[in-house]
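Engineer: Construct the complete structure from the given sequences, taking the supplied hints into account.
Here is what each chain is made of, one letter per residue.
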Amino acid sequence: MTEDLLVIERTGTRWGVERPLVRAYDRGGDGIRITLDGGRLGADRVVGLATGVEVRLPGRVLTRYWPVSNRGLAVHEGRVVVVIDPGRPPAALACPQEGAAHEG
Amino acid sequence: MLYPCTMTPLAGDAAAVRCLLVSAGEYLCAMPLNQVRRVIAALAPHPLPSAAPELLGLAEFGGEPMPVLDLRRLVNAPAGATPTHPVTVVVWAGPPTGRELVGLAADAAISIVEVPAIAVTGASRGLIAGEALVGERPVRVLNLEQLGLD
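Those protein sequences? They're chains A and B, same order as listed. Just so you know, the first sequence maps onto residues 3 to 106 in the numbering used here. Just so you know, the second sequence maps onto residues 85 to 234 in the numbering used here.
These are calculated hints, taken from the structure and not from any lab test. There's no promise every hint is true.
[To be verified] One side of the interface only, derived from the structure: several residues of chain A facing chain B at Cβ under 10 Å: (1) Thr13; (2) Arg16; (3) Leu23; (4) Gly61; (5) Val63; (6) Trp68; (7) Gly74; (8) Ala76; (9) Val77.
[To be verified] Ranges of calculated distance between the beta carbons of each label pair, as one might list FRET restraints: (10) Gly50/A / Arg209/B: 21 to 31 Å; (11) Val48/A / Glu220/B: 56 to 66 Å; (12) Glu220/B / Arg90/A: 44 to 54 Å; (13) Gly54/A / Leu117/B: 35 to 45 Å; (14) Asp39/A / Gly146/B: 33 to 43 Å; (15) Arg29/A / Glu110/B: 42 to 52 Å; (16) Leu217/B / Ala93/A: 38 to 48 Å; (17) Thr168/B / Leu23/A: 45 to 55 Å; (18) Gly206/B / Pro22/A: 51 to 61 Å.
Every residue gets a Cβ at the ideal spot worked out from N, C-alpha and C, and that includes glycine.
Structural biologist: So, in structure tokens, the structure goes:
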């Protein structure tokens, strides 16, 4: 499947958010706040928009050693992007002041 | 990128499996050659938060995302000397019906050897199918179909 993604970075890892889910993003606190329909994410920076990228479902090996819910993996500008599960965003993307994101 | 053979392969055997011999810490490991896609200079994977210690991170290989695992940790090998030519061995992991590409970080690719099935001893423990003597050195023989399975 192909997706349009907002690609963000936090602590060296690149994450993708399905573009239609993004309501806004702005600078706040120590980084960037991304507002989704169901909450907010925090990031160090916005890398850019990736259009029509192929998203592959996570394989058995990745799931075995990294049990964080995600929609799959993509490659953008030579870097692997983890597409987040908006219903279960990773703790690494929690907004510091909110701490609402969770992983699992 | 394969290095010149520095060990004497075992004599040919009808039931022998051609394997890539690599070092991981203080262990030597043999993996079936037909499951090895490529050996490349060590990739620099990007780590993932909250990942198990065996998972070094994700890297791009051939335009596709690929997890990279630490072979030394997978086989519980004691740490060895700092490798001078570390490699990433890109292998097919998992059962034939659901195989996937995985990178295995190893200290060095050493040679290609033939491991007679009859020479593999010891109980299979998941990824490690058993042990064999290759050139009088103990070698862990890997079953890559078990990689990623609980």
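Engineer: A separate judgement is required for each hint: does it hold in the structure or not?
Structural biologist: Outcome of the hint check:
1. Thr13: holds, 7 Å
2. Arg16: holds, 7 Å
3. Leu23: violated, 21 Å
4. Gly61: Nearest chain B Cβ about 4 Å off; hint holds.
5. Val63: With a minimum Cβ separation of about 4 Å from chain B (threshold 10 Å), the hint on valine 63/A holds.
6. Trp68: Holds. Min distance 5 Å.
7. Gly74: holds, 9 Å
8. Ala76: Holds: closest Cβ of chain B sits about 7 Å from alanine 76/A, inside 10 Å.
9. Val77: holds, 5 Å
10. Gly50/A / Arg209/B: 21 to 31 Å: violated, 45 Å
11. Val48/A / Glu220/B: 56 to 66 Å: The hinted range 56 to 66 Å holds for valine 48/A and glutamate 220/B, with Cβ atoms some 57 Å apart.
12. Glu220/B / Arg90/A: 44 to 54 Å: Since the Cβ atoms of glutamate 220/B and arginine 90/A sit about 52 Å apart, the hinted range of 44 to 54 Å holds.
13. Gly54/A / Leu117/B: 35 to 45 Å: holds, 37 Å
14. Asp39/A / Gly146/B: 33 to 43 Å: About 35 Å separates the Cβ atoms of aspartate 39/A and glycine 146/B, which means 33 to 43 Å holds.
15. Arg29/A / Glu110/B: 42 to 52 Å: holds, 50 Å
16. Leu217/B / Ala93/A: 38 to 48 Å: holds, 47 Å
17. Thr168/B / Leu23/A: 45 to 55 Å: holds, 47 Å
18. Gly206/B / Pro22/A: 51 to 61 Å: holds, 54 Å
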